[in-house]
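Chemist: Single-letter residue listing:
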Amino acid sequence: MARVGVFVCFCGANIADFVDVPTVVEEAKKIREVKFAVDYKYMCSDPGQQMIRDAIVQYRLTSIVVAACSPRMHEKTFRKALSDAGMNPYLLEVANIREHSSWVHQKDKKAATDKAGDLVRMAVAKSIANEQLHEISVPVTKRALVIGGGIAGIQAALDIADARIPVTLVERSPSIGGRMAQLDETFPTLDCSQCILTPKMVDVASHPFIELIPYSEVIELDGYVGNYKAKIRKKASYVNFKSCTGCGACWQKCPVKVPNEYNMGIDTRKAIYTPFPQAVPNKPVIDAKHCTMLLKGKCGICAKFCEKGAIDFKMTDEVIEREIGAVVVATGYDLWDATPYEEYGVGRYKDIINSLEFERMVSANGPTGGLPVRPSDGKVPKTVVFIKCVGSRDKAKGIEFCSKICCMYTAKHAILLHHKVHDSRAYIFYMDIRAAGKGYEEFVNRAQVETGAVYLRGRVSKIYQKGEKLMVRGEDGQLGQEVEVEADLVVLATAIIPDKENPALARLLGISYDKYGYLSEAHPKLRPVETAKAGIFLAGCTQAPKDIPETVAQASACAAKVCGLFAGDTIKKDPMVSTVNKDFCSGCQNCVKVCPYQAIVTEDIPLGHGAKEMRTVAKINEGVCQGCGSCVAICRSMAINLAGFTDPQIINEIVAI
Amino acid sequence: MKKVTYFPGCSAHGTSEEFDQTVKMVMKTLDVEMEEIPDWNCCGATSAHTMNESLAYALPLRNLVLAEKLSNDTMTVPCASCYQRMKFTKIHMDENPELARKINTAVVGEGQYQGRVAVKSMLQYCYEDVGIEAIKTKVTSPISGMKIACYYGCLLTRPKAITQFDSPEYPMSMDRIVEALGAKAMPFDFKTECCGASFSISDTDVVLQLSGKILEMAKESGAHAIVVACPLCQSNLDMRQPDIEKKFKVRYDLPIFYLTQLMAMAFGYPKDKMMFSKHIVPVDGALAHIGEVIEEPKKPAKGKKAVKAESEVE
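Chains as they are written, first to last, in numbering that gives the first Met the number 0: chain A, 0 to 656; chain B, 0 to 313.
If you're looking for bench data, these hints aren't it; they were derived computationally from the structure.
Keep in mind that a hint or two might mislead.
[Stated by the list, open to error] Taking CB as the label site, the calculated pair distances span:
(1) 90(B) to 480(A): 33 to 39 angstroms
(2) 202(B) to 511(A): 45 to 51 angstroms
(3) 480(A) to 16(B): 39 to 45 angstroms
(4) 139(B) to 502(A): 51 to 57 angstroms
(5) 103(A) to 107(B): 42 to 48 angstroms
(6) 202(B) to 456(A): 24 to 30 angstroms
(7) 526(A) to 115(B): 54 to 60 angstroms
Even glycine gets a Cβ: it sits at the ideal position worked out from N, Cα and C.
Okay, chain A solo, but in the shape it has when bound (with noise of 0.2 angstroms):
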């Protein structure tokens, strides 16, 4: 005879103000199998968790039924409740109540407490079927890849690889850095970027457990936690990267220029090259797409000059292999174009320019020395005006959300103008100044009390042009009045999006991503680095806007959890996997077509004892399969069984309503 009890959660006000907790707690006394039913404030909490290790000893109960919040939230908790009182923890079933019922039935307080009882009725008649199972044991690769070299990918890559495990990093662009190597200085301390990043750069290059692969992509991803089997693409670079040494003489004699992508379109960088003079590895590549050798088979310049002979254009891309177990994605971040502010002229006025290209100019390894400069004639602007929001927190034209570091940047490019231009004078226009973050308000009052930076609360309505002069008319908000700044240049902190790529990035890896396309954590607050899939977690702007202490926590972050995951030679599996009954199976190899992970196979067994012909049947990797239940509905034999939800489990459940 079953024993069975039932806790139910007031989950504080978020379940008792819709549920009559109490009520329930009543109806579940009425099932002859319950032997003991009681409610808790917060059933998660140690008091509570307690209540049910006691009862589970006091009155002898074979199975437990929890009813609070989605089992997403906490079934691992309540399982290993469980576990603590000598019980098997998947004997544990959990009645949603709160998503189920409390929350989306807050009009009708009778109806949800109903439904709250209907879904105890059926727990506890499913947690009668309950077996109890064992969690399977994997082994691990420990070998982490790492998707991006940006400040992310680095500092994930150091930090898994300072604790001796290996670490392949895969960089899509020649060198490792990221957006960061753009930057001049950074934000809230002025400490100059290229200084904290390259030796970090280096690092990576030297590190005895990175494999650095770059100019390369991740082109498939196959297998399952502690267990994945990647597919890299190396672009060919048309270098052969042993016997270059970096000397140079290729891209200094390459008659081809192409806009420089490290500048922003600034200057010009040539068909062969690096992308930038501190470039890890600090080897060059030919630029397919604008080398007149590879495109008409004329010129070969680089190949002349090039002494070690390390130039061949017969190279082509080479597609590797590496088995890991885990990966990070630090896949970065890109400007949203404005060009839908068309009422500021973007694109017809050259002097209007975003906020990367005025941190090109002002870096001191930028194509203007450091100096920022109108684009349309070269001259000093003495008058500039930053405009933040273009894009963000506009559902109109651009994006709905906060790009969140602008307001920072635009701070510090205020400060950098003064530096750079004594007698010049920044306009800011904003919405709110958001600096929440260590010395981040500080950092603000210093533009503003230091350079004089004028910030003007209010939209700007419009740029046209009027001589050599940018008029850009807006609204100062405090003032209540239209006003018009004569600017020399205008900058546009311009939202920040994710890599356009991360769709299909998300598709391969077989996670999920959000309505802008950044990939989405497992949960937004207390599993911000994981994602849905076991294995793989996110860091830096991939996952949301973040600035760069944000993102180096992030990391470091993803950098514990793969350590956390690789710790031991095997990791832990739930049970809940499909079995295949052999003597049912007819072959008909429905389920191997439906299974969305590649987790079933055939093989072939006797006929009968000791038969010598032979029949084919289904059979299941454990390791790969996810519990889905996929093959389960399509099997027409009904021989295929999933742990945990059985067909008696179901029955009983449908029988108990």
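Following the hints, position chain B against chain A.
Modeler: Same frame as chain A, but now just chain B:
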């Protein structure tokens, strides 16, 4: 020969008669037959929609229902205000059949609204249905030498959800047509700025300031004239110009043409058919530029090259 339904609106039979006349001339040349809606009524602009929502819908709806009795599938409207009311009503009726049924009861004697006829401004019709290439082929006496600032005003392309045509902030359709006629369309930042028409009577000072700014920027662009496709824009910029000049002590001398006047000229119609005598600002000065050769300024070493030059020095 194309056929199109024509809704002239009240101003075409009054203050903007020259618009009406030249529209008819231009359409004839472009092989478009215009069929005026019999017994059309006021579109309700400027007063109905500020007073009574149902009335604001019912007035244009009657015209739309009458237009459906003709066999044409497009209706074209020269006045930007009329166009705005017609299109606004059409979109709201099409999106909300329940509302359409309700409003229809007010004009039930005329028939049931079906939403069959497309509504386009004269500019949109010329640009989309006739096309730049077709316009070019009809040009016999190009108006080359004239520098033109195209002024669209606030209603021709806005709000985008209603007009669904060209850019709401920096439209180019009129500029392209003007270029097709041989003239030079000047880059003009104030092409969609407010001229203050709503305050024309009640607070004329506002009009003088706003329209004054438009004239100033047009002059600054180097234009000889402004071209418009709306009777209200025309009357504000033309009629108020002497007052503006007096108030700000400047001299603009910018005649305000209707787009169709310039088209008719380029199509070879004689000048005396354009009814230029109805204009306040004399047009002859601007027209005298026809035939002049516009010298393109030599491109100075500008832009990214200039930036680079500086970096090389350093």
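Chemist: Give a verdict on every hint.
Modeler: Hints, verified against the model:
At roughly 36 angstroms, the beta-carbon separation of residue 90(B) and residue 480(A) lies within the given 33 to 39 angstroms, and the hint holds. Taking 45 to 51 angstroms as the suggested C-beta distance range, the pair residue 202(B) and residue 511(A) does not conform, at roughly 56 angstroms. At about 41 angstroms, the CB distance of residue 480(A) to residue 16(B) agrees with the hint of 39 to 45 angstroms. Here the CB-CB span from residue 139(B) to residue 502(A) is close to 54 angstroms, well matched to the stated 51 to 57 angstroms.
Checked against the hint of 42 to 48 angstroms, the pair residue 103(A) and residue 107(B) passes, with Cβ atoms roughly 45 angstroms apart. The given range of 24 to 30 angstroms is respected by residue 202(B) and residue 456(A), whose C-beta atoms sit roughly 28 angstroms from each other. Separated by about 56 angstroms at the C-beta atoms, residue 526(A) and residue 115(B) satisfy the suggested range of 54 to 60 angstroms.
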